[in-house]
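The lines below spell out each chain.
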Amino acid sequence: MNALLDIRGLTIDIDRDSGPARVVDGIDLTVAEGESLGIVGESGCGKSLTMLSLVGLLPNRIRATGGVADFAGKDLLAMSSEELRRLRGSQIGFIFQDPMTSLNPVMRVGAQIAEALVYQSGMAKPAAMERAAELLELVGIPSPRDRLMAYPHELSGGMRQRVMIAIGLAGSPRLLIADEPTTALDVTIQAQIVDLVRDLKDRFGMSVVWITHDLALIAGLADRIAVLYAGTVVEDSPVDVLFERPTHPYTRGLLASLPTLTDKPMSRLPSIAGTPPEPGRRPPGCPFAPRCALVTAVCTTSVPRLAPVAGSAPGHRAACFVTAGEGAS
Amino acid sequence: MIAYILRRLLLWIPSVVLVMLGVYALAFYGAGDPIKLIFLRAPGDVAYDPVKIEAIREQAGLNQPFLVQFGTYLWNLLHGNFGNSLFSGRSVWAMISAAAPVSLMLGLMAMIVTALVAVPLGMIAGMNQNSRLDYTILGTAVTLWAIPAYVAGPLLMVMLLAVLPSGAVPYGWGGLFSVKIILPLIVLSFQPIALIIRQTRAAVIDVMTEDYVRTARAKGVPEHVVALRHILRPVLTPVVTQLGLIMITIVNGAIFVELVFGLPGLGRLTVQALINSDYPVILAVTLIGSFLVMASNLLVDLLYPLLDPRATDPKAART
Amino acid sequence: MTDGTIINPPEDRPSSLWRDAWRRLRRNRLAVAGLVVLAVLVFVAAFGPWLTPYDFLSQNLDARNLPPSLGHPFGTDDLGRDVMSRVIYGARTAFLVAVLVTVVAVLIGVVLGAIAGFYGGRFDKTLMWVTDMTMSVPQLLLVVVINASLKQPISLWMEARYMETMNPLYRNSAIIDFVLVFGSMALISWPPYARLVRAQVLSIRNRPYVTAARALGLTNRIILTRYVMPNAVGPLIVAISAGLGTAMVLESAFSFLGIGVNPPTPSWGNMISDGLRVWTNYPHLLLAPAAVLAVVTVAFNFLGDGLNDALNPKGQK
Numbered sequence: 128m129n130a131l132l133d134i135r136g137l138t139i140d141i142d143r144d145s146g147p148a149r150v151v152d153g154i155d156l157t158v159a160e161g162e163s164l165g166i167v168g169e170s171g172c173g174k175s176l177t178m179l180s181l182v183g184l185l186p187n188r189i190r191a192t193g194g195v196a197d198f199a200g201k202d203l204l205a206m207s208s209e210e211l212r213r214l215r216g217s218q219i220g221f222i223f224q225d226p227m228t229s230l231n232p233v234m235r236v237g238a239q240i241a242e243a244l245v246y247q248s249g250m251a252k253p254a255a256m257e258r259a260a261e262l263l264e265l266v267g268i269p270s271p272r273d274r275l276m277a278y279p280h281e282l283s284g285g286m287r288q289r290v291m292i293a294i295g296l297a298g299s300p301r302l303l304i305a306d307e308p309t310t311a312l313d314v315t316i317q318a319q320i321v322d323l324v325r326d327l328k329d330r331f332g333m334s335v336v337w338i339t340h341d342l343a344l345i346a347g348l349a350d351r352i353a354v355l356y357a358g359t360v361v362e363d364s365p366v367d368v369l370f371e372r373p374t375h376p377y378t379r380g381l382l383a384s385l386p387t388l389t390d391k392p393m394s395r396l397p398s399i400a401g402t403p404p405e406p407g408r409r410p411p412g413c414p415f416a417p418r419c420a421l422v423t424a425v426c427t428t429s430v431p432r433l434a435p436v437a438g439s440a441p442g443h444r445a446a447c448f449v450t451a452g453e454g455a456s
Numbered sequence: 024m025i026a027y028i029l030r031r032l033l034l035w036i037p038s039v040v041l042v043m044l045g046v047y048a049l050a051f052y053g054a055g056d057p058i059k060l061i062f063l064r065a066p067g068d069v070a071y072d073p074v075k076i077e078a079i080r081e082q083a084g085l086n087q088p089f090l091v092q093f094g095t096y097l098w099n100l101l102h103g104n105f106g107n108s109l110f111s112g113r114s115v116w117a118m119i120s121a122a123a124p125v126s127l128m129l130g131l132m133a134m135i136v137t138a139l140v141a142v143p144l145g146m147i148a149g150m151n152q153n154s155r156l157d158y159t160i161l162g163t164a165v166t167l168w169a170i171p172a173y174v175a176g177p178l179l180m181v182m183l184l185a186v187l188p189s190g191a192v193p194y195g196w197g198g199l200f201s202v203k204i205i206l207p208l209i210v211l212s213f214q215p216i217a218l219i220i221r222q223t224r225a226a227v228i229d230v231m232t233e234d235y236v237r238t239a240r241a242k243g244v245p246e247h248v249v250a251l252r253h254i255l256r257p258v259l260t261p262v263v264t265q266l267g268l269i270m271i272t273i274v275n276g277a278i279f280v281e282l283v284f285g286l287p288g289l290g291r292l293t294v295q296a297l298i299n300s301d302y303p304v305i306l307a308v309t310l311i312g313s314f315l316v317m318a319s320n321l322l323v324d325l326l327y328p329l330l331d332p333r334a335t336d337p338k339a340a341r342t
Numbered sequence: 071m072t073d074g075t076i077i078n079p080p081e082d083r084p085s086s087l088w089r090d091a092w093r094r095l096r097r098n099r100l101a102v103a104g105l106v107v108l109a110v111l112v113f114v115a116a117f118g119p120w121l122t123p124y125d126f127l128s129q130n131l132d133a134r135n136l137p138p139s140l141g142h143p144f145g146t147d148d149l150g151r152d153v154m155s156r157v158i159y160g161a162r163t164a165f166l167v168a169v170l171v172t173v174v175a176v177l178i179g180v181v182l183g184a185i186a187g188f189y190g191g192r193f194d195k196t197l198m199w200v201t202d203m204t205m206s207v208p209q210l211l212l213v214v215v216i217n218a219s220l221k222q223p224i225s226l227w228m229e230a231r232y233m234e235t236m237n238p239l240y241r242n243s244a245i246i247d248f249v250l251v252f253g254s255m256a257l258i259s260w261p262p263y264a265r266l267v268r269a270q271v272l273s274i275r276n277r278p279y280v281t282a283a284r285a286l287g288l289t290n291r292i293i294l295t296r297y298v299m300p301n302a303v304g305p306l307i308v309a310i311s312a313g314l315g316t317a318m319v320l321e322s323a324f325s326f327l328g329i330g331v332n333p334p335t336p337s338w339g340n341m342i343s344d345g346l347r348v349w350t351n352y353p354h355l356l357l358a359p360a361a362v363l364a365v366v367t368v369a370f371n372f373l374g375d376g377l378n379d380a381l382n383p384k385g386q387k
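Residue numbers (the numbering used here), protein chains in the order written: chain E, 128 to 456; chain U, 24 to 342; chain L, 71 to 387.
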């Protein structure tokens, strides 16, 4: 499979009054055509910023400062804002976290979907509305024609997220980025949304990047999972391999903290001690070293690089001196 | 929609009556009864004839309980009868209807000027947050806000005096379309403009960080459409609300502006009544002022659902 | 766990709220400028009598309506009184009124607002109704009504006292002025404070740390004074700074209208009002008090904005 998206050495800084603070520190990621990649990490690890930086949607005072992000052969980070705008919606679609705040409250949902079509495909308004109704039907909204005239507050949370997905799909993008699209929803609705996105992906052959902090949720959805910690990729692996042979101590910690059916009732789930470093206060060596149970002398002085895990499946890489790469035990 | 309007009206009417009651009570228990005031003003032998005073009091209904008197007053108000001036003996209604057009025209114009000047400036400042342009607009707004009308007016006149011969500096009232209205209008608009600039700017900055603005950009909508449809359109909701609420600033400011520029409006009437302790006039003007403020609040309430579709929805909480 | 200092950074900069706020305030040049102007104002108000070159009352009929000169930097007025001395005395009046009114209004507002917000119920409803009502009557008109209402009874009472005691104090009309001005201004100034404190208390009341304090069995009074109020102080300080400026402007506004401090006691308001009568011939009589009042109010606003940014760092940079 060809790489649709290839990020190498991406760095993102926050401009603070005290100077820039690094939040994303040299991320490498690839997404193949038709592949779905799950990005997992705690809040603040830079997973959303990484994706937003690709299409020029970073908030004020946060900037991508280095690296390359090839999308279908062109570097996104080198594009002008107008080129990026043309790309957004048509080539790269977005689904955001909170459908309540991510939809314009004073605009009817039909107009919000049609808008994407009018400005991206140059469609006439009536045709765009027609297409908007089709999209609503596609994402499973009953009586879509009536819903076109609804305001977001008149829909339920799950319905709103379906509208959000319809907006993301409107331009038939090659890559759909879903930024924690289920976090704000009820558990039962979460599964519906996950199923919907999987179906749509299979139907249209899009690539999907699914950002989440919930490993269990994307286990059934992603082909590959990248685990982020403090602005770096610490492990990158096909999904089944990751669950079978988690290699980085952080990944192990994440998996160990998931409840399983075999746990004794009332037993304590293991957790990872400590907190991730603040941006700009990164330790000199491995960012996870201060919280790591397997820490060695080398971990506190040099930074481990993402390397193939010795003896594991191809495509399984981890950044750890102790458990992966050369000299791993 | 109709239910919404009715609900608003039903809440509004009692609050107007309550404000009137409060103001009337202040006058009733504070100033004492108007007959005594008249005689205190001109203490002749009548003043010391308790029998005569009592007779006049009885005739004027001043021996009745407070609420009855308030009711009578309201009833008379509804019939355009505001009583007579203690000072000149003229009908208060006549005095007010002579002065009101000046104030109303001035106030309305100030409202329009404010909307036309302040809303665009506030939007420009907000969209260019922390730029030099933003600082300039904001600095001007703070300065305009800080300088009261009775300072700004005279200062402007002094400045004009440096340019024009003293007879040519406009003063007094010449109707809505005369040159003389320009200066008072500018001064009266100063504080409302400052207020609306700051609030529009704050609203724009607030909306710009909303998730749905990011959604619009993620759709690939051109930047000018993002600005108009996803930032400025939602900003209108709080801004129109604020525009309604500046009525109180305008009523306050008009008193000074009329005094400074010698305009024969309600403001000057108030000040004269105050100097003469002309109670019926003060009461009437205060009630009219409060009524204007509350009426514009009501207008905002009624306009609200047109601006924010969530307002008439009983489920969605109004923010 | 080799290096604990990395996980829990040492408190190398004690991030006390107040110190941070002060640091942010100092960086704001306009706010610092405002602070300096106000410091000068306080100094002048406090030491006015020792600073003025002339007595504010002493008339010199040979030196009437003089334009500004070295001897009289702001010129002299129609009675030959030194305008600068009068402006300095005006600062005293303005400052005294502003501080007294604000203190009274804040006290009333904080107590009523805190009780209403914390206990809610009928008291809260009544308070909200009263503030609603007060705030929908244009301030000036309300003061006019209150003033007109109180003037007769107070004068009559003072007159009666005088007849009884023959104490000349009761004949001093300046006292009536001050009482009236303070009284009516304080009466209209407290509602915004009450609403602010109530809103703060309402939002703080249900925060987890207050619930935790309640779970510990602390009394309402301790929760209110130790847990709720300290967290409402920031917005209150901002409001007080703005309120001082407003009170100062109000005082001069009333004096301007002739319902505040009356001559011969100098107030910027009545000086502007006097100046307005002769402004075509002697603009300096108008310019001096008006310019000083303008500078002071702008200073208050800059400081207020700076405090707001410093104490309520919403989008912390």
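Everything labelled a hint here was simulated from the structure, so no lab data went into it.
Since this is a predicted model, take the numbers as computed values, not measurements.
Some hints could be false.
Said to hold, decoys possible - Distance ranges between label pairs, derived from CB positions:
| no. | chain 1 | residue 1 | chain 2 | residue 2 | range |
| --- | --- | --- | --- | --- | --- |
| 1 | U | G285 | L | V200 | 42 to 50 Å |
| 2 | U | V40 | L | L288 | 39 to 47 Å |
| 3 | E | F331 | U | D234 | 47 to 55 Å |
| 4 | L | N276 | U | S38 | 50 to 58 Å |
| 5 | U | V140 | L | L177 | 33 to 41 Å |
The beta-carbon is built from N, C-alpha and C at its ideal position, and this holds for glycine as well.
Tested hints:
no.	hint	verdict
1	U:G285 - L:V200: 42 to 50 Å	violated, 37 Å
2	U:V40 - L:L288: 39 to 47 Å	holds, 44 Å
3	E:F331 - U:D234: 47 to 55 Å	violated, 25 Å
4	L:N276 - U:S38: 50 to 58 Å	violated, 29 Å
5	U:V140 - L:L177: 33 to 41 Å	holds, 39 Å
When held up to the earlier numbered hints, the structure conflicts with 1, 3 and 4 and fits the remainder.
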